[in-house]
Structures are given as structure tokens and as C-alpha cells.
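Use the sequences and the hints to build the structure in full.
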Amino acid sequence: MNGDGASPWVIELAVVRDPICEALLHDYYVDVSDRWYQHREGRDSTPEEIETGFPQMRSDDLAPPTGEFVVARRADDDTVLGGCVGLRRLKDTAGRRVAELRRLYVRPELRGAGLGASLLLCAEEIARVWGVSAMRLDTRLDLGEARALYLRHGWVEVPAFSENDYAEVWYAKPLR
Numbered sequence: 001m002n003g004d005g006a007s008p009w010v011i012e013l014a015v016v017r018d019p020i021c022e023a024l025l026h027d028y029y030v031d032v033s034d035r036w037y038q039h040r041e042g043r044d045s046t047p048e049e050i051e052t053g054f055p056q057m058r059s060d061d062l063a064p065p066t067g068e069f070v071v072a073r074r075a076d077d078d079t080v081l082g083g084c085v086g087l088r089r090l091k092d093t094a095g096r097r098v099a100e101l102r103r104l105y106v107r108p109e110l111r112g113a114g115l116g117a118s119l120l121l122c123a124e125e126i127a128r129v130w131g132v133s134a135m136r137l138d139t140r141l142d143l144g145e146a147r148a149l150y151l152r153h154g155w156v157e158v159p160a161f162s163e164n165d166y167a168e169v170w171y172a173k174p175l176r
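In the numbering used here, the protein residues as written are 1 to 176.
Please note: incorrect hints may appear among the correct ones.
Derived DEER-like restraints, expressed as beta-carbon distance ranges [claimed, not checked]: (1) His26 / Gly95: 32 to 42 Å; (2) Pro64 / Val10: 14 to 24 Å; (3) Pro47 / Val129: 34 to 44 Å; (4) Val129 / Gly154: 11 to 21 Å; (5) Arg111 / Val10: 16 to 26 Å; (6) Glu168 / Gly42: 10 to 20 Å.
Since the hints were derived computationally from the structure, they do not count as laboratory data.
Computed from a predicted model, the values in this text were never measured in an experiment.
All residues carry an ideal CB built from backbone N, CA and C; glycine is no exception.
Right, dumping it as C-alpha cells:
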């Protein structure tokens, strides 16, 4: 929000493979990678770790027909992205359709202003349009701001449902 109450951000669907979106996802990867190494080894990621790891971060399923990718785009400059979230369609172990939240990211300098909540709520609305009964996600313990956001918006911790090497905590939210 700016001083006159108008938001400078537009939340909209985007093409995950668009170069501007890939650049944002690269920034996301650097942020979570640096946090991982800071938490475990007291250092940032090396350029080699980023160069090796980023291409392995699969995001192609965050596009139709398997998913969607949503960005917060600056209202007065569509080349500036402030954050993103991905969503993919899956079936749980019981065969029910679910939506999985992926890659929720807000640039560090924009955190705390509600952009993450806006992206999260948009993703939840997309999942409702898909007709799924629940959403889920996995994350890491060191991503405290994201975990607090999920809890504030009705997500609850659940037993592990994935074997992601970096997943340390799992959340779900029923949709009505």
C-alpha cells in the first residue's frame, strides 16, 4: 500500500518460463539457498552451488494443465516483480484432488507489507476454482516468516506427505 491507500501491485497469472519470471525464481532460489547454508554452515551459498542447484529446481509443472504461476507485478511498471507463488494440481494418497503450494516468495525489501498474504490468498482462490477440497505444502523450519504466514491464514501442521530432501514441516488447509 502507498500513502493514498492504493496498492502499487497487481496480482496476476504469469508464464513461469517467461524470462522475467525465471529471474524472479532465480532470486527465490538464491534466498532459500542462502538461508539453508546460513542456518547449517553460517555462510551464504557459493556461486557454484547456485549454478548447480537452480537448474535442478523444477518449475515447469507450475503451468497449465498441471499448475499455475502467479506474480505480484508493479502496477506502474510491468517489468518489476515483487513476488510469486506457484500452484500445482495433484492427487493425494487417497486419490483426492489437492492443490500444492510452491515457491511462495516476496522480495526481502517488500516483506511485511501484505504482499505474501495477497499471493497466498490468490493461490487459495485458484485452488477453489479448480474444485479441490484441500491445499498442502512442505517447507523448511528456517523459513519462519512463511510458516507464520501459513498459520495466520488457517493452515495447520500435518504429518509428512512427501519425501522432498529439504522438507522439514508439512501444512494443509481444507477449502470450502
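Legend entry - Structure versus earlier hints - violations, ascending order: none
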